[in-house]
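Colleague: Between the sequences and the hints, there should be enough to build the whole structure, so can you do that?
Listed below, chain by chain, are the residues.
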Amino acid sequence: MAKAGSLEKGMAILVKGDPYIIVEREFVNPGKGSAFVRTKLKNPTTGQVLRETMKTQDQVEEIVVEDKDCQYLYADDESYHFMDLDTYEQFEVSVKSFEDYRLLMKEGDTYTLVMWENKPLDIKVPYKVVYKVTKAEDAVKGDTVTGATKVVEVETGLTVKVPIFIKEGEKILVNTETKEYVERVNS
Amino acid sequence: MNFETARKRSAVTGGIRNFFNRRGYLEVETPVLSPGLIPESPIEIFETQLRDENLGNRPLYLVPSPEVHMKKLLAAGSGNIFQICKSFRNLEQAGKHHNPEFTMLEWYTVEADYHDSIETTAELFTELAERFRCPHIAPPFRRMSIHEIFREYAGIDLELTASAAQLMEACNRLKLLHTPPAGPVCWEEIYHRVFLTHIEPRLPVDRPLILSDYPRQIPCLARDIPGTPWKERWELYISGIEIANCYSEETDPVKVEQFCMRENARKAALSSVVPDVDRDFLEIFRQGYPKSSGAALGVDRLVMAITGEASIGGVIFFPISDIVGR
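Chains as they are written, first to last, in this note's numbering: chain U, 2 to 188; chain X, 200 to 525.
Treat the hints with care, since some could be wrong.
What the hints assert, rightly or not - Straight-line alpha carbon distances no greater than 20 Å define the calculated EDC-like cross-link-like pairs of lysine to aspartate or glutamate that follow: (1) U/LYS33 x X/ASP412; (2) U/LYS125 x U/ASP85; (3) U/LYS33 x X/ASP521; (4) U/LYS129 x U/ASP70; (5) X/LYS374 x U/ASP19; (6) U/LYS33 x X/ASP423; (7) U/LYS33 x X/GLU441; (8) U/LYS125 x U/GLU62; (9) X/LYS295 x U/ASP19; (10) U/LYS33 x X/GLU449; (11) U/LYS180 x U/GLU108; (12) U/LYS56 x X/ASP475; (13) X/LYS295 x X/ASP521; (14) X/LYS454 x X/GLU441; (15) U/LYS43 x U/GLU100; (16) U/LYS33 x X/GLU300; (17) U/LYS33 x X/GLU388; (18) U/LYS56 x X/GLU456; (19) U/LYS33 x X/GLU462; (20) U/LYS120 x X/ASP475; (21) U/LYS172 x U/GLU108; (22) X/LYS295 x U/GLU100; (23) U/LYS56 x U/GLU9; (24) U/LYS151 x U/GLU108.
Treat the hints as calculated values from the structure; they're not laboratory data.
Modeller: Laid out in structure tokens, this is it:
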């Protein structure tokens with residue numbers, strides 16, 4: 002058990018038996034009220050987001066989460082297959098809770114998994130990642146109908162809106178949170 | 200804080216001073232050290248020691264606001280008064296909007312109520328908005344009541360949920376709270392949890408917002424609105440941050456004493472620093488306290504709004520996080 006006032010971003014707590022990661026945390030002192038901590042919590046398995054305000058003195062059930070570096074091997078219909086880089090053991094993570102990630106993770110890359118009691122709660126994908134463009138149509142010169150952008154597909158199957166000068170085989174930097182093009186990368 | 204911001208800050212406090220001087224308010228300086236205070240249970244007080252050969256050794260407390268002494272001046276016939284001074288609050292988790300030592304503007308107007316204070320605030324902000332070219336603090340202020348915002352943003356009619364049990368029932372029904380408090384909880388705490396989670400983050404921020412008519416269940420020295428469960432109190436929000444608090448002042452000595460005794464008892468249960476209730480303070484109400492309205496405004500937060508600084512450390516020299524080792 003821990004005091005709500007000691008909670009920090011990245012820590013995890015149980016709410017009605019389910020694990021939630023603290024995504025945002027702010028201390029608030031209303032004019033005629035006691036000290037509160039206002040939080041945004043995310044259940045990494047279901048994706049559900051909760052907003053909750055607790056008194057800093059309230060007891061909360063903190064759970065210990067562990068970061069594990071793992072290599073992403075491949076995905077099939079049911080699971081993502083990872084290799085624990087400490088033990089070289091292979092294990093599976095159900096695709097169901099992390100559907101989005103199929104289009105973001107590159108085979109062979111290392112990702113940090115947030116583990117609780119040997120169950121993966123979250124997969125941390127870097128904020129910006131370089132992807133190779135695998136499908137792009139050359140823009141027709143003078144084609145003003147579609148404007149200055151076009152849609153391409155990258156190595157993971159993710160589609161991204163990019164400037165028309167981006168060609169197949171080129172590398173682009175993408176913001177994995179917004180799935181938006183950031184810039185072209187020269188290899 | 201850099202010197203450019205400091206120059207702006209100086210111009211703001213100068214502008215405030217000038218505003219109240221022109222309106223005939225007397226600028227006063229009252230003690231920051233006091234042997235007794237107005238008890239406010241949620242506020243933690245800084246304590247120190249007087250060591251005096253004649254007066255003896257005794258605890259003294261740093262005021263959380265100048266209210267206790269300014270009201271004595273008002274009772275003594277000062278007329279309209281204002282003060283810009285340091286106030287102190289401990290254990291408030293210094294962060295973007297708090298520093299344990301901060302600057303308060305507090306003013307009292309006789310023969311006035313909280314509506315009049317809105318007018319004065321609007322006039323002050325009109326001048327500041329023009330002088331500092333920040334239209335986002337200029338009137339007209341948006342006006343909403345607590346009753347309204349709870350209905351609109353939380354779906355709760357506070358007039359129908361007067362007891363803690365009723366309010367909790369409404370919260371459970373609407374699934375507003377996910378970590379139900381262990382053990383008995385008071386109405387105030389449930390109110391604040393709902394307000395802070397579901398309402399405050401969603402308040403309109405396009406213009407300064409006056410939230411008025413606060414529930415009677417939150418103890419404070421504001422007059423009741425007769426025949427209603429509300430009090431004559433408002434708070435001013437700018438960009439989602441509370442910046443000022445104002446009352447039509449309670450003048451009934453019985454109510455003032457009840458408030459002080461109850462808050463002191465609550466404080467004794469919550470804290471290790473429990474200042475005495477200032478006895479002179481209670482006395483002024485027994486002698487007949489003038490009808491008046493008082494307003495307290497956080498000057499640091501006002502300067503933040505005017506300069507666009509996101510953190511209080513950007514508008515004060517040596518914020519606590521800088522001068523105290525980690």
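Colleague: If you draw a straight line from the CA of U/LYS56 to the CA of U/GLU9, is it 20 Å or shorter?
Modeller: Holds, at roughly 14 Å.
Colleague: Given the proposed pairing of U/LYS151 with U/GLU108, does the C-alpha separation stay at or below 20 Å?
Modeller: violated, 26 Å
Colleague: Against the 20 Å threshold, does the CA-CA distance of U/LYS56 and X/GLU456 hold or violate the hint?
Modeller: Not OK: U/LYS56 and X/GLU456 at ~28 Å, beyond 20 Å, violated.
Colleague: So if I understand the rule, the pair passes when the alpha-carbon distance is 20 Å or less; does U/LYS33 with X/ASP521 pass?
Modeller: Between U/LYS33 and X/ASP521 the Cα gap is close to 28 Å, so the pair fails against 20 Å, i.e. violated.
Colleague: Are the Cα atoms of U/LYS33 and X/GLU300 separated by 20 Å or less?
Modeller: Given pair U/LYS33, X/GLU300 holds - Cα atoms ~18 Å apart, limit 20 Å.
Colleague: Hint check: U/LYS180 vs U/GLU108, CA-CA at most 20 Å. Holds or violated?
Modeller: holds, 18 Å
Colleague: Hey, U/LYS33 versus X/ASP423, does the alpha-carbon distance stay inside 20 Å?
Modeller: Roughly 16 Å between the alpha carbons, so the hint for U/LYS33 and X/ASP423 holds.
Colleague: Is the straight-line distance between the alpha-carbon of U/LYS172 and that of U/GLU108 20 Å or less?
Modeller: holds, 16 Å
Colleague: Compare the distance between the alpha carbons of U/LYS129 and U/ASP70 with 20 Å, and conclude whether the hinted pair is satisfied.
Modeller: Holds - the C-alpha atoms of U/ASP70 and U/LYS129 are around 18 Å apart, at most 20 Å.
Colleague: Is it true that the CA of U/LYS120 sits at most 20 Å from the CA of X/ASP475?
Modeller: violated, 54 Å
Colleague: Is it true that the CA of U/LYS125 sits at most 20 Å from the CA of U/GLU62?
Modeller: Distance of about 23 Å is beyond 20 Å: violated.
Colleague: Taking 20 Å as the top limit, are the C-alpha atoms of U/LYS56 and X/ASP475 close enough?
Modeller: violated, 26 Å
Violated hints for the displayed structure, listed by number in ascending order: 3, 8, 9, 12, 14, 18, 20, 22, 24.
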